[in-house]
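Novice: Sequence:
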Amino acid sequence: MSAETSKNLDKAGIWITTLCAIHCLLLPVILPLLAMAGLAFIGEDALENTILGLSVVVGLWSLISGARKHGKWHLLSLLLLGAVIYSQRDILGHWGEPIIILFGAGLIIYAHVSNLRLNRKLNFSALAEEPAQN
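In the UniProt record's numbering, the protein residues as written are 1 to 134.
One or more hints might be untrue.
[Stated by the list, open to error] Cut-off 27 Å, straight-line C-alpha distance, at most; resulting in silico cross-link-like pairs (DSSO-like, lysine-lysine):
no.	residue 1	residue 2
1	121	11
2	72	7
3	121	7
4	121	72
5	69	7
6	11	72
7	11	69
8	69	121
Honestly, the hints are just simulated from the structure, not real lab data.
From just these sequences and the hints, can you work out the full model?
Specialist: So, in structure tokens, the structure goes:
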């Protein structure tokens with residue numbers, strides 16, 4: 001996978017996870033409005049789990065590709081731990097849900113940002129080692 005594709009996957013993973021977290025955090029406030037507009041399906045658990053699943057798939061793809069280059073496989077653990085924590089968002093009830101969402105999403109986003117930085121470092125060091133061509 002090219003460096004550009006890997007970078008784009010990390011950015012997509014960050015955006016998907018961020019949008020998923022915002023969706024879950026704002027849903028209790030906007031759900032009544034969505035129901036009036038005929039968009040109550042946006043509040044369904046199936047949609048939330050689908051978005052989280054998409055985030056994990058993009059994350060696995062990006063982080064495995066990155067780990068093959070930079071060797072930091074522990075980022076996969078952070079992604080998966082974040083996804084498991086996020087998936088248990090209802091465990092502490094209504095008031096604990098935002099904390100769990102933010103913590104789980106934070107781990108996923110941290111894994112992507114770390115992967116981006118490690119890949120960038122690798123690309124810069126590879127450029128620095130290339131001999132000047134005349």
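Novice: So, for every hint listed, does it hold in this structure?
Specialist: Status of the hints after comparison with the structure:
1. In summary, the hint linking residue 121 to residue 11 is supported, as the alpha carbons are separated by about 16 Å, within the 27 Å threshold.
2. About 16 Å separates the Cα atoms of residue 72 and residue 7, which keeps this hinted pair within 27 Å; it holds.
3. Distance hint between residue 121 and residue 7 is fulfilled; the C-alpha atoms sit about 12 Å from each other, no more than 27 Å.
4. Using a Cα cut-off of 27 Å, the hinted pair residue 121 and residue 72 holds, with the two alpha carbons roughly 13 Å apart.
5. Between residue 69 and residue 7 the CA atoms are separated by roughly 13 Å; this keeps the pair inside 27 Å, and the hint holds.
6. A hinted pair counts as satisfied when its Cα atoms are at most 27 Å apart, and residue 11 with residue 72 qualifies at roughly 18 Å.
7. Pair hint residue 11 plus residue 69 holds up; C-alpha atoms about 18 Å apart against a cutoff of 27 Å.
8. Between residue 69 and residue 121 the alpha-carbon distance is near 11 Å, which keeps this suggested pair within the 27 Å criterion.
In this structure, every one of the numbered hints holds.
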